[in-house]
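S.K.: Spelled out, the chains give:
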Amino acid sequence: MPRVHVFARDHINTDEIIPARHLTTDVESELARYAMEDYDREFVRRVRPGDLIIAGADFGCGSSREHAVWALRGAGVGAVIAPNFARIFYRNAINNGFLALECAGIVEAFQDGDEAVLDLAGGTITNLRTGQTLRFVPVPPFALAVQRAGGWLEYMREQDAGAAGTPTPPSLNTPSTEAGHGHPGTPQEDAHA
Amino acid sequence: MGMTMAQKILAARSGHAEVVPGQLIECATDLVLCHEITTPAALRMLEERGMNRVFDPAKIVAIPDHSVPAMNIKAAKMYQKLKSWVQEQGIHHFYDVGRGGIAHVVLEGSGLLRPGMTLVSGDSHTCNGGALGAFATGVGSTDLAGAIYAGRVWFKVPETMLIRVTGELQPGVTPKDLVLEVIRRIGADGANYLVMEWTGDTIDRMDMEGRFTLTNMAIEAGGKTGIIAVDDTTRAYLAARGVTPDLYTEYTSDPDAEYRVVIELDASAVEPTVAYPHIPSNGRVAGTDAVPITHAYVGSCTNGRISDLREVAHILRGRRVADGVQMIVVPATQAVYQQAAREGLLEVFVAAGASVSYPSCGACLGMHSGVLGPGDVCISSSNRNFVGRMGDPSAQIYLASPATVAASAVAGVIADPREYAPRQEVA
Chain A
6 MPRVHVFARD
16 HINTDEIIPA
26 RHLTTDVESE
36 LARYAMEDYD
46 REFVRRVRPG
56 DLIIAGADFG
66 CGSSREHAVW
76 ALRGAGVGAV
86 IAPNFARIFY
96 RNAINNGFLA
106 LECAGIVEAF
116 QDGDEAVLDL
126 AGGTITNLRT
136 GQTLRFVPVP
146 PFALAVQRAG
156 GWLEYMREQD
166 AGAAGTPTPP
176 SLNTPSTEAG
186 HGHPGTPQED
196 AHA
Chain B
6 MGMTMAQKIL
16 AARSGHAEVV
26 PGQLIECATD
36 LVLCHEITTP
46 AALRMLEERG
56 MNRVFDPAKI
66 VAIPDHSVPA
76 MNIKAAKMYQ
86 KLKSWVQEQG
96 IHHFYDVGRG
106 GIAHVVLEGS
116 GLLRPGMTLV
126 SGDSHTCNGG
136 ALGAFATGVG
146 STDLAGAIYA
156 GRVWFKVPET
166 MLIRVTGELQ
176 PGVTPKDLVL
186 EVIRRIGADG
196 ANYLVMEWTG
206 DTIDRMDMEG
216 RFTLTNMAIE
226 AGGKTGIIAV
236 DDTTRAYLAA
246 RGVTPDLYTE
256 YTSDPDAEYR
266 VVIELDASAV
276 EPTVAYPHIP
286 SNGRVAGTDA
296 VPITHAYVGS
306 CTNGRISDLR
316 EVAHILRGRR
326 VADGVQMIVV
336 PATQAVYQQA
346 AREGLLEVFV
356 AAGASVSYPS
366 CGACLGMHSG
376 VLGPGDVCIS
386 SSNRNFVGRM
396 GDPSAQIYLA
406 SPATVAASAV
416 AGVIADPREY
426 APRQEVA
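Protein chains in written order, with the working numbering: chain A, 6 to 198; chain B, 6 to 432.
For the record, the hints were derived by calculation from the structure and aren't laboratory data. Some hints could be false.
In silico lysine to any residue, SDA-like type, Cα no more than 20 angstroms apart, as pairs [said to hold, decoys possible]:
no., chain 1, residue 1, chain 2, residue 2
1, B, K88, B, G121
2, B, K86, A, R26
3, B, K79, A, T131
4, B, K82, A, V32
Input sequences plus hints: build the corresponding full structure.
M.R.: See below:
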């Protein structure tokens with residue numbers, strides 16, 4: 006059962022998630038050793054594969070460094086759940102198929118060390134200690150398509166291959182593109198189950 | 006329904022007659038800016054996938070700036086990676102160390118970035134370029150890789166926040182104070198996912214250097230970018246760089262464009278503003294508290310331009326940096342450096358006891374050449390004061406205008422620049 010690590014403060018930024026002094030590598034296993042270093046030096050010793058981070062609003066603000074996503078994933082973090090995310094961190098998560106889930110009230114519903122059940126298909130997270138279940142903003146279909154492809158570059162490559170006649174994800178610019186789903190950062194009325 | 010200028014650029018570059026906020030699009034990138042920290046990762050991704058190509062070498066601009074001149078062997082290797090790729094792919098817009106400087110500031114003055122363009126870079130301060138009426142935004146290494154490979158990027162069409170500023174900025178008050186005041190009001194995520202469009206007579210009268218400071222800081226409010234419509238000031242700035250109006254497209258927001266929110270601001274009421282630790286929205290009036298400082302830093306893509314260095318020199322001329330304060334001044338580019346030398350500004354800085362360093366991002370993000378130690382207190386003209394941003398996590402960073410940094414360096418405590426009138430004679 007994944008355990009949660011609660012970092013309740015708002016605006017946890019990429020300088021805290023992976024400080025610039027470690028940016029001379031892009032190797033995930035190296036970055037993993039420093040995940041969250043300037044917020045909580047002990048985190049990398051406590052985290053176990055599949056654990057979840059529950060964080061305050063605007064998680065991942067600041068620098069565009071994708072190293073923030075890689076450091077967390079490398080450290081074994083299965084998902085970050087927060088009321089909302091900073092824009093570049095959120096798109097980096099999508100591009101890497103890493104789960105960044107938006108969920109109002111999440112910080113108040115969990116304590117550090119609680120165990121959680123994450124139901125991706127059902128769109129819920131349950132605190133096993135309290136029994137409380139919260140509903141998170143559904144992952145946008147586009148993000149799921151990118152995840153299925155293996156990441157944004159694979160998605161692009163499949164599109165290009167499609168031009169030569171094989172099945173392909175459609176361009177977002179085709180008229181059938183759906184618009185206006187789950188705007189990241191927009192609180193959802195029905196966020197609480 | 007009308008469109009904002011950001012919507013119009015995104016529509017034009019994604020092949021749509023119209024786009025609406027929330028719509029997902031794939032957008033052509035007119036320029037891709039590459040530095041040596043986030044680009045090597047993008048190149049590795051492309052190589053690992055057999056996608057190592059460049060969609061159009063003429064649309065790539067490569068400028069090493071973060072860890073140069075190389076601060077250690079790992080940094081030297083990242084620089085080498087960028088340089089060898091540039092050579093291998095025939096990328097001509099390469100501003101090597103000694104010929105460039107901080108990428109955003111080099112690019113803004115290069116004549117390569119023009120109104121109506123889309124620009125992405127693996128750097129959050131790419132929004133800087135929006136002052137030229139372009140759509141410029143920071144992305145991660147994967148998006149950067151995709152842009153290098155295919156010249157396109159996905160966007161969710163953003164809503165826009167309109168910031169209308171009217172009235173005169175008072176003496177001693179600068180565009181940096183204005184943007185710190187806006188971020189104080191709306192919060193560090195007050196523009197999350199939004200375009201920050203600046204307008205009003207204050208902006209009309211502002212020079213391009215001040216406008217770049219405004220759009221540069223959009224990311225500190227969570228903005229997707231900052232943007233300012235083209236006017237005669239923009240046109241003259243571009244013309245001085247050989248870019249005539251036939252070479253670009255001007256977009257303006259429709260009168261009936263829909264804004265998520267409109268912020269009204271009286272520029273004459275803005276005071277010199279200092280963002281206290283540890284978030285850029287934590288603004289207070291300069292001099293409210295006489296906080297003792299150990300470091301003063303002038304530089305970065307936000308405030309390392311020639312106008313910034315002139316403001317600093319106005320205050321430092323005939324004065325000395327206080328004992329116990331280490332001041333460093335970092336011209337943003339080689340061109341700024343040369344101009345500062347011509348005007349005698351470098352002499353003023355050195356005479357005042359400041360250290361003048363080479364163009365680089367180094368100190369701003371705590372990489373090198375001005376890293377803060379435990380307990381250090383720095384007043385900085387840069388853009389971020391997060392925990393650990395400039396070095397040790399226990400260091401305290403206060404953000405301010407170059408003038409406020411200079412006044413504080415002289416006072417040894419955070420000071421109000423309005424109390425430091427220019428002197429002509431050396432004291």
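S.K.: The structure should be examined with respect to each hint, and the outcome stated for every one.
M.R.: Hint by hint, here is what the structure shows:
Between the alpha carbons of B:K88 and B:G121 the distance comes to roughly 29 angstroms, so the proposed pair goes past 20 angstroms and is violated. In summary, the hint linking B:K86 to A:R26 is supported, as the alpha carbons are separated by about 19 angstroms, within the 20 angstroms threshold. Pair hint B:K79 plus A:T131 does not hold up; C-alpha atoms about 44 angstroms apart against a cutoff of 20 angstroms. For a cut-off of 20 angstroms, the pair hint linking B:K82 to A:V32 stands: about 14 angstroms separates their Cα positions.
Of the hints listed earlier, those the structure fails to meet are numbers 1, 3, in rising order.
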